[in-house]
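**Student:** Read off the chains here:
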Amino acid sequence: MSVRRGLKWAAALLTLALALSSGMVLNERYSDGEIAAAETAETAKPEQIERGEYLARIGNCAGCHTARGGETYAGGGAVNTPFGAVYASNLTPDKTTGIGAWNANAFYRAMHEGRSRDGRLLYPAFPYPNISLTTREDSDAIYAFLMNRVAPVKRENTAHTLRFPFNNQLALAAWRLLYFKPGAYQPDATQSVSWNRGAYLVQGLAHCGACHSTRNALGAPIAGHAYDGAMMPLNDWYAPSLTARNEASVADWEIAQISAWLKHGISERGTALGPMAEVVYQSTQHLRDDDAQAMATYLKALAPSATPLTTIAAASRKADAQSEKLYVDHCSKCHGDKGEGKPAAFPALAGNRAVTMANTTNLIHVVLAGGFAPATTGNPRPHGMPPYYHLLSDAEIAKLLTFVRSSWSNNAAAVTDLDMVKYRNALRTP
Amino acid sequence: MTERLEACIACHGKEGRTINAEYLPRIAGKPAGYLYNQLVNFRDGRRNNAVMSHLLQPLSDAYLREIAQYFSSLDLPYPPPQAPKVSADALRLGETLVLRGDASRKLPACSQCHGTPMTGVTPAIPGLLGLPSAYLSAQLGAWRAGQRRAHAPDCMGEMAKSLTPDDINAVASWLAAQPVPSISKPIASLPAPLPIRCGGVPQ
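Residue numbers (the working numbering), protein chains in the order written: chain A, 10 to 439; chain B, -15 to 187.
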């Protein structure tokens, strides 16, 4: 076949595919209409409302559906995506600006299918690709909580600032055709009750994969790379792989250590930092012990990544005396002469995966901006790492981190001045 | 407690005295309620400083109260006053606004709320002495521009919006040039009620 004929065939096929998909797209857009208001919220029982409050915490709904300093659940938190910002909606029972006119069916359809009450498609920044797994019963409980326990707040939703073509419902419908199908959790009979409960929460309501799963250029999870790690949308943090042993896999942690970490933000194996400190503070510290254990059971059993996307590279250069002096002057007081740290206060740096991980975003971020572990019942007065953005130059931080990454038992690649340039704009804020 | 609060000390100086940086205020000895309000305001977005907000995000109200209490309880010597860099006219304007206000513009004197010795009032009104003029004018400017806010009704926001940039410069320069009195602690109460309602101050 000549090149020209080949091109003609390709064009014809493409036209056909487009025609078919736009038909499907239109069908997806208009097949389901508005769901009318109905009175179901008043029949809620106190136990159901309590359960809903608990589940809303585990889903960390308030994390996005509350603007900083705003009323809880009144919406306005920004979810930054590579395609622009999506603003979470008002979930208070206000009749005109919140969900006061929604019924439990409309609420479940939003959770399960990612559609608003009027049938409009919702952006997957609302993690319905994960939350879709939530059972009808759990969805109804969250709805009952929001309708009965949250005070109505009149606050108009903030308009999204997505760029063309991502601001278009047809484009969204096409994305959904490719990447989204409403789901239900299918229990695995070969696994324990606890594992299944953990899988249901981790995959669904707790939407761990929303940050930790590797995504393609269109923001959709790449098949086979669930929990394999991903950069956060503003490139300022890295959600480490939960499957790679050299990142944040917990395969060799005790179940008790994992559940303590989820509930307290700290265990002898590591400390939550950055966005995860906020997740622990807002959400996982409220886990019941059995649910914390269930999530731990599932996370521990995650299959190790066959070919880790990131690996530890051999140290490419040895640190000099100046680097060691930087460490002694600025770090050793808390982290120890040999990077051994101090239990429950200052993390060890020797053998710490957050230090040696190939992706150095978080390491550089923590040195520049500092950070506290989350305040939780198990660690109510956390220690904090000071920021160094105003004390050390890029070159000094690169030298210092190269020293830390290649000293004691650590054997990770150098941090270069180029790494600093790459991340500093995203990280250096004031 | 100092071991837990290295993150604060790195910028605000050992034991809450500021390091040599004009935009970083001393926090030692300020009223605990004032410090607590500022911590909450940074965490919840009424004050804007990316590093402060980031640090405070995962911290509870109870812990912030304890941190505020800790820095408030420190009693440390103050630095000597700054030599003023503005004209004598500007200093006179500053002194007038701080001590007497301007009735024609309905501006109360700073000392009406911050206390006659201007060392603040417990639990929530800060002292105005012992701070660099760059910090003071930056704060008044931020308040005037709506970038620094407090719980509603935001009395300082209203005050700052009535000031011109020249007023701000004059007030900040005069305040920074005053020595901190030997009794540097905030006073327990004001002789008269506040001339304006303030959200962050129990009244």
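Bear in mind the hints are in silico, worked out from the structure with no lab data behind them. For glycine and all other residues, C-beta sits at the position ideal for the given N, C-alpha and C. Mixed in with the good hints there might be a few duds.
What the hints assert, rightly or not - Rough simulated footprint, nothing fancy, chain A against chain B, three-plus residues with beta-carbon under 8 Å:
| hint | segment |
| --- | --- |
| 1 | 36 to 45 |
| 2 | 151 to 161 |
Said to hold, decoys possible - Only some residues are given here: those of chain B computed to face chain A with a beta carbon under 8 Å:
| hint | residue |
| --- | --- |
| 3 | G29 |
| 4 | R30 |
| 5 | E50 |
**Student:** Now tell me if each hint is right for this structure.
**Tutor:** How the hints compare with the structure:
Under a criterion of three residues with beta carbons nearer than 8 Å to beta carbons of chain A, the stated coverage of the segment 36 to 45 of chain B is upheld, 8 such residues being counted. For the segment 151 to 161 of chain B, the assignment as covered by chain A is violated, since 0 residues bring a beta-carbon within under 8 Å of that chain's beta-carbons and 3 are needed. Because the smallest distance between the Cβ of G29(B) and any Cβ of chain A comes to about 4 Å, under 8 Å, the interface hint for this residue holds. At a threshold of 8 Å, the smallest CB-CB gap from R30(B) to chain A is about 6 Å, leaving the interface hint in force.
Here the hint on E50(B) is kept, as its CB sits about 7 Å from the closest CB of chain A, short of 8 Å.
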